[in-house]
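One-letter residues, chain by chain:
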Amino acid sequence: GAVVSQHPSWVICKSGTSVKIECRSLDFQATTMFWYRQFPKQSLMLMATSNEGSKATYEQGVEKDKFLINHASLTLSTLTVTSAHPEDSSFYICSADSGGAGELFFGEGSRLTVL
Amino acid sequence: AQSVSQHNHHVILSEAASLELGCNYSYGGTVNLFWYVQYPGQHLQLLLKYFSGDPLVKGIKGFEAEFIKSKFSFNLRKPSVQWSDTAEYFCAVKRQGAQKLVFGQGTRLTINP
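Heads up: the sequence lines are chains E and F, in that order.
When we follow our numbering, the leftmost residue of the first sequence carries the number 1, and every step to the right adds one.
When we follow our numbering, the leftmost residue of the second sequence carries the number 1, and every step to the right adds one.
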């Protein structure tokens, strides 16, 4: 199947700093990518839908200025957590739509720990 | 709002037992249905999906699921589980034509050898 890669897989940062997470589709072009957040032992909560070349669509309750999403190319979307705080610590997962059968392919996830 | 409900939060079985994990959704229109699995420390992988046609779909690793439209359900089944099936299982629903995939809460499956 198609491969989606996230980087970094884990990151520790100090409170107040910004962290960028990359999501790449390695063997296909993804016009649409999605960013999810997963709390321990909970489900994936959709944060935003990222469309190549346009602004991301954020879900209700997700702060646009805090979670900056950029989808500059058909193979790369980035999530930047700005001015991170300990409550932003979580597992962030991206997925990409190959545009084929409607199946999404998921990245390995990025675990963010804010001290 | 569209929602997906998985009835079991944690299921514990012995090897060779039969498995059924429940999934119900609330949207009344045409939907695409998915089951994903997340093995410990790994990313989500697609087990199976339903778009149209035969409501009984077969996936990888011996899993199958049945779409019952009247019950808004898409339960996952496996006749005989293995220790390696220990994982988190997520049901997900997408409204046909929509971009968003909505996940259920997940069911943690533990198989005792």
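Derived from the structure by calculation, the hints contain no laboratory data.
Incorrect hints may appear among the rest.
Said to hold, decoys possible - Here are the in silico distance ranges between beta carbons for each label pair:
| # | chain 1 | residue 1 | chain 2 | residue 2 | range |
| --- | --- | --- | --- | --- | --- |
| 1 | E | K14 | F | G28 | 42 to 50 angstroms |
| 2 | E | V3 | F | P40 | 42 to 50 angstroms |
| 3 | F | H10 | E | R111 | 17 to 25 angstroms |
| 4 | F | A17 | E | Q29 | 24 to 32 angstroms |
| 5 | E | V3 | F | F51 | 32 to 40 angstroms |
| 6 | F | S14 | E | L76 | 40 to 48 angstroms |
| 7 | F | R77 | E | E52 | 34 to 42 angstroms |
| 8 | E | T82 | F | R77 | 28 to 36 angstroms |
| 9 | E | L74 | F | R108 | 31 to 39 angstroms |
| 10 | E | L26 | F | F51 | 30 to 38 angstroms |
In this text, a Cβ means the ideal position worked out from N, Cα and C, and glycines have one as well.
Hints violated by the structure (numbers, ascending): 2, 4, 5, 8, 10
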